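K.L.:
Residue numbers (the working numbering), protein chains in the order written: chain P, 2 to 456; chain F, 2 to 456; chain V, 2 to 456; chain D, 2 to 456.
It is worth saying that the hints were derived from the structure and are not from the lab. Heads up, none of these hints are tricks.
Taking lysine to aspartate or glutamate and the EDC-like style, the derived pairs with C-alpha atoms no more than 16 Å apart in a straight line are:
| no. | chain 1 | residue 1 | chain 2 | residue 2 |
| --- | --- | --- | --- | --- |
| 1 | P | Lys194 | F | Asp22 |
| 2 | V | Lys214 | V | Asp155 |
| 3 | D | Lys194 | V | Asp100 |
Anything over 12 Å on all C-beta distances counts as not near chain F; from chain D, calculated:
| no. | residue |
| --- | --- |
| 4 | Leu123 |
| 5 | Ala124 |
| 6 | Ser128 |
| 7 | Glu154 |
| 8 | Lys214 |
| 9 | Glu384 |
| 10 | Arg404 |
| 11 | Gly435 |
| 12 | Ala452 |
Quick list of simulated restraints, FRET-style, between CB atoms:
| no. | chain 1 | residue 1 | chain 2 | residue 2 | range |
| --- | --- | --- | --- | --- | --- |
| 13 | V | Asn409 | F | Asp363 | 22 to 28 Å |
| 14 | F | Pro353 | V | Thr411 | 29 to 35 Å |
| 15 | F | Asp322 | D | Arg319 | 18 to 24 Å |
| 16 | D | Thr233 | P | Val394 | 55 to 61 Å |
| 17 | P | Pro306 | F | Pro10 | 44 to 50 Å |
| 18 | V | Ala237 | D | Ala244 | 58 to 64 Å |
| 19 | F | Pro10 | P | Gly93 | 34 to 40 Å |
| 20 | V | Ala216 | D | Arg219 | 51 to 57 Å |
| 21 | D | Ala244 | P | Pro306 | 54 to 60 Å |
These numbers were taken from a predicted model, which means no experiment stands behind them. All residues carry an ideal CB built from backbone N, CA and C; glycine is no exception.
Listed below, chain by chain, are the residues.
Number of protein chains: 4
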Amino acid sequence: MIIQQFFVPGIAHSSYIVAGDRTCAVIDPARDTERYLRAAREMGVRITHILETHLHADFVSGHLDLAEATGAAVYAPTKGNCAFPHYAVSEGSEIPLEDIRFSVVETAGHTPESLCYVATDLARGDSPVSLFSGDTLFVGDVGRPDLFPGRAEDLASSLYDNLHDKIMTLPDECEVYPAHGAGSLCGRAMAAKRTSTIGYEKRYNYALRIKDKDAFVRALTSEMPAAPDHFTRCSAINRAGPALMKSLARPVPLGPGTFFKKMKDDRSLLLDVRSYQSFSGVHIPGAWHIDLSGNFPTQAGWILPPEKDILLVVEEPRHADEATLQLHRVGFDRVAGYLDGGMLSWGAAGLPITRVPVLSADETHTLVSEGGAVLVDVRSSEEWDAAHAESSVNIPWHDLRTRFTELNPTLHYILMCRGGQRASIAASILKMHGFGMVSNLGGGYTAYKRAGYAP
Amino acid sequence: MIIQQFFVPGIAHSSYIVAGDRTCAVIDPARDTERYLRAAREMGVRITHILETHLHADFVSGHLDLAEATGAAVYAPTKGNCAFPHYAVSEGSEIPLEDIRFSVVETAGHTPESLCYVATDLARGDSPVSLFSGDTLFVGDVGRPDLFPGRAEDLASSLYDNLHDKIMTLPDECEVYPAHGAGSLCGRAMAAKRTSTIGYEKRYNYALRIKDKDAFVRALTSEMPAAPDHFTRCSAINRAGPALMKSLARPVPLGPGTFFKKMKDDRSLLLDVRSYQSFSGVHIPGAWHIDLSGNFPTQAGWILPPEKDILLVVEEPRHADEATLQLHRVGFDRVAGYLDGGMLSWGAAGLPITRVPVLSADETHTLVSEGGAVLVDVRSSEEWDAAHAESSVNIPWHDLRTRFTELNPTLHYILMCRGGQRASIAASILKMHGFGMVSNLGGGYTAYKRAGYAP
Amino acid sequence: MIIQQFFVPGIAHSSYIVAGDRTCAVIDPARDTERYLRAAREMGVRITHILETHLHADFVSGHLDLAEATGAAVYAPTKGNCAFPHYAVSEGSEIPLEDIRFSVVETAGHTPESLCYVATDLARGDSPVSLFSGDTLFVGDVGRPDLFPGRAEDLASSLYDNLHDKIMTLPDECEVYPAHGAGSLCGRAMAAKRTSTIGYEKRYNYALRIKDKDAFVRALTSEMPAAPDHFTRCSAINRAGPALMKSLARPVPLGPGTFFKKMKDDRSLLLDVRSYQSFSGVHIPGAWHIDLSGNFPTQAGWILPPEKDILLVVEEPRHADEATLQLHRVGFDRVAGYLDGGMLSWGAAGLPITRVPVLSADETHTLVSEGGAVLVDVRSSEEWDAAHAESSVNIPWHDLRTRFTELNPTLHYILMCRGGQRASIAASILKMHGFGMVSNLGGGYTAYKRAGYAP
Amino acid sequence: MIIQQFFVPGIAHSSYIVAGDRTCAVIDPARDTERYLRAAREMGVRITHILETHLHADFVSGHLDLAEATGAAVYAPTKGNCAFPHYAVSEGSEIPLEDIRFSVVETAGHTPESLCYVATDLARGDSPVSLFSGDTLFVGDVGRPDLFPGRAEDLASSLYDNLHDKIMTLPDECEVYPAHGAGSLCGRAMAAKRTSTIGYEKRYNYALRIKDKDAFVRALTSEMPAAPDHFTRCSAINRAGPALMKSLARPVPLGPGTFFKKMKDDRSLLLDVRSYQSFSGVHIPGAWHIDLSGNFPTQAGWILPPEKDILLVVEEPRHADEATLQLHRVGFDRVAGYLDGGMLSWGAAGLPITRVPVLSADETHTLVSEGGAVLVDVRSSEEWDAAHAESSVNIPWHDLRTRFTELNPTLHYILMCRGGQRASIAASILKMHGFGMVSNLGGGYTAYKRAGYAP
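So that you can see chain P by itself, here it is in the shape it has in the complex (with noise of 0.2 Å):
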């Protein structure tokens, strides 16, 4: 039995690869799916397994192009009722592979339909060697339960007996390996370290900790950080069945006149990936920004229009391919070009552009404190109550597509975050509604702070 895990940085996705000596399983695939080919070929097993734990919310999984590749089986829980062809499983199923075995949990809580996989390891013993926890236990923390709207403290309730019966039960060696890690929204305080065991989860796991199941409810359907709005949508493409990656177009190379053209277009939507400091340099006027370097598949299912074609600016040609495929994995299929040459042959078109201003903290202050200007710390509500700049005002980037109305379009705005790409995002949101005079400030809350002029 040999386990690799594969990460996605961006929506933080664990999957994994179960592996006997002939064959293997992959666990919760990323649409991605070359990776896993890859891996089997060099271990030398063919995958005829394909283990879904639970329709996840936060991207499309890739169950169904891996197994048009492989000809492997899916398995997926009974109650997500997928439309595709698999097999169902359900409490108590077993799912043999050469000398490992898989036992199915069912474990609704972050979701419903909500399993886990228990592995044992036959060739060694009959006490359970590894669990493959899905979104129920993370390492540090368990898989939110308040996605469904009126349903928060059901599926809460549900989760804490789930925990408390049948994972806690297991042997304090049984390793966990969680399908997200640090930097996913499908919990709230998930640690760095991407694998765990279940008895330093039972010491140290906050969630696990509380004894008291009122209590724990209480906890996890209160504060909870806000969800993108993209988790609405891709449970149900994972239950309906994906497009398969292949039959989707690549986007091409259009030259300034033709973008220009389509941007125009009300089914088209603009959108720049550059870096924060590029976009803030120079950009088209109508651009959405977020930065393909930062938290990029979640802003970007969190506040793009769906149902749109979508057309880029980027650096360079290659991020036209690694931007597209970061929007495939939260269900944005439709990226129909970039802008050929980037910004340079923009430019030189003789096309409209526009700019951020990119402030330091001095420039701020000083601004500020005469008047001159308002800031608007776009943080997270649980970054802002943890500390902020008294002279600040609070409005979450995404807000901002709806609470732009707060603001005055005639004053100069100075937008923070923490370190300035999601002050961009904010601000391309800001100028999308005619806001004038939109500034960043450089480095964000932690240059302030550092300057003196925040806790």
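Once you have looked at the hints, place chains F, V and D on chain P.
P.N.:
For chains F, V and D alone, coordinates are given in the frame of chain P:
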């Protein structure tokens, strides 16, 4: 705290990156260090620490290569008396890395200077989270203490004490990250799984389950598998500090004529690394054969005479690079060149060729039954003891280097291993010593058994 | 104007990117189009034109794959009557691409619809700068006009006229970029050099130096090398429009048991693509053998029956992908799978194996002299005519498919080609037809000659 | 005979492999030699000859790196007085390589020791087939003879004689393979096309069409473009023999704090290689800016002070490797490190930042018209002479290093080039000298012209 494992097949070696937010340590690095540099870059961390658990006997370590490439500090056991610049660590030493603390426990046993690093993740709690166990504790096994002539019992005794006093006292949930996996000869019973936990090992590891110290010592010092020749060479190289990989010459292509001339030089060694099928089909008289796709580095370290200029015969030029890396892993730093154009150009040059007939189980059985050939089983004595064909004699492949004298060069020998690769090594050795009729049983013992000729 | 050549070994095919500042044309693209997409991206240009010189007989063209990936327009000869969407071009057609003008000259000869594109670099001057000569004019040769039964003389006559009227009248300094180089069977005497000039070809090309038309027609219609079977298939595929590469299934690994079952199916074909040394060492009874490292695609196109599901035996899994691509090049679109674990796992499964002894020149000579074996020279008749061993008989390797009937299955045949690869193909054919004693002369005629047994 | 061209953008350098059946020569290799090793391996030939046409002024050559990696012999001009081991060649020298003969013709002109290699393909005929023309004859141009102070006329005269006596006397059909293409400053009017023929150049090359020697000398010694600073350094490096690439340290990641400290050291130089948009958005005060995606190596060689430890600011870590290679190409061997985490981490560390506003054509025009800013055109004098905005003054970007003294640090300067990249270099220079208000006209002259503000 993030842990990433790097597994090198062949020597079945596991090394690790243990990363904080900005920096990381590499534990027991392999000699080809590019993988660590790339991984660290992808994680966005700098390599600042290099931790050696002991003086590896079975491979040349990459600590100096990595130090040269990164400027990181090397930490090695005080008792190793290492000749290169390093921080010497011993029982109780602590090495901090951001939120991570590595504590040293000395665990003499496999080697006198062996130690383990116990990691604590201070971001989460005070109890040990991971054990980097070097060659002290493996998944399903412990490090063999019999490599030092005359000291086996002492070391086994020490190993028992250290395991029981320092390792088995760690919490059940503590993860175990060893330096080797199944396939390594640093133990005899390693499981395929590449990581484990203290609790699971306490429950199922045969060595940890031996309660009685004397029984433990007896078990660990008797009936151990043979140790390859290079096990006596690599420790010394690692203590002195290996040559930097970038200082070693890359093998050059040599035309058939030049190759023929060079291979006759006493300082040279002719090594054919193609598949056993290819070698059987046609090869150069006088060549050693070790299949690159098999257990190449260990087999090469085991039987090849050191201090020679190695001349390679390969299937494709890129295999010359691959074989060279594998040879470097086990301490052969002088790979002079490879046959340009391969055996096709050699044959066309009208230079001498020979072959090893690959016989089927039926052909073999007929020949042996009728007295036309002798079946030599070249598997290890452990495999032979487990099951063998009645009509066969056992001389392990590596022993044939000296024990060929027990055979008669005028008889027809059919060599059998498990599949065909070790029999091919054995065939190359016999032919080197003037045996004229040497065949290989295709599919080896496995095929012989399936055909009903062996139990 | 920038010209980049792409050379595909095996079919010795040259294609071209001809680029302006922002856009480019691809001339006669291969079926694996990623190389053009990458090159265009690196040059910073978009692929907007795809130019076909004729309906290639020797390989399946990538025009539709490339059109699908880029949206570029395909240009093809009017006389080709192509069934896919295209711009039909004929004598005098002009295709502008920025500062470049492609002028069409029809040059029926190699095929009735053949044409050339004469490029003018308007940025520099009005006279032709480059000729994209398809299969009309090669470096050192011209396109063979004998591929259409009964039309050879007409086409040769037409070729003469077109060369003299339209090609040799171009300026001496005009560059020549043909669709093939040395190794292609679309001519018989191509030079190694991959590009040339009109003046140089007029001076040294044997065909252009034949002044008399009748002599030209005679020379080009007599003593031409045999044409591979697929030459009669590929043109039709190219006219109809080949299947898109992305629609073709990738071969899957098949365990020995499954492989054994599938290979017995009448619709399947067993193809071993390992080196001739490996095949000789051990192979599966009933397999076709064609060495992937040799002239694989042409040889495969020549002898394999079409419309079969191909099952591969490979040395390494990545060779399955490589062989599949090569097979797709010559019109075999159904590659079903490959033997997982290769011959090592096959042998260990105890499944049937056989071998082809590779004999040295001395062994061969002794056997043949003493009447113990018959030496069959499987080289082409042209090679045989040039020089051969007295004791040998000539049956070209591809003719053995039918002419095996001229041989006696109870005799020992030693097959000889130039080096060993074609003899191995021949061996696989004879064994398929029940010949029991078939050997391969290692190093072939070259070795036999060096040993003094042949002139 | 096979010829393969290798083109390096940036320095627009062409090198060549000229191969026979088993061996090959590399002509004028670049310093990153892996490409030649790989290509030779793919062709199945060994690199045995390295031919230098002259002491390159614009880049450091890879002859010694390649000799070290292959053992090949270096051939260089006798008149070059090279200090490394080589075969000195001069007029009439002949270098045989299988069927290929290279004949040396001395062609002093671009440099005193310049020579060309005339290749004959003896397999086909006796007349020259290809000219490897170094920097003597380009496509559309000839090598500039004005690089040696006080010797321009003599060298131009010599160039005229050599072209007319030795080059233009070659057959029209002889191919021309020069060492540079469009973009190089070793000439002034090179065409985009990368190879040509003698006949075509005689017909259309402006320099070859000047019949009168005096007129030629005048034309080639007047109004030549400025020569970059490193042109006076590289020849000497190439003569002495450059350091081996493998001996140079790879740049290491440096955290913001360390970076800040190091950049203040007098021996250091701070170089930002991100896009001009990014630099404009936010950068470190005191940085040089040269956009890696532009004409980076030549611009770096031109303006950066030599003998400094270079500290890089990059968009992505892999750009540090790319920039380092480019810097090595033009003789900067000391690249010490790069800013780990890029400007995002710098900003978050609260370290000083600044920006360059990118203005649109309209904004610029308004400001300049109203006297609020001065428009400085930093293009070359040739570009300025061809067309410029009335309201602008011309100081070529590289001259600003000294000519900044002509400007007034208290005024607002808007810098304009053709697209934005050179203006950004200029902006970095002005800011280094204390100019407080420096902007960049986005899209440069091209945009200004499209907006109707310039002719």
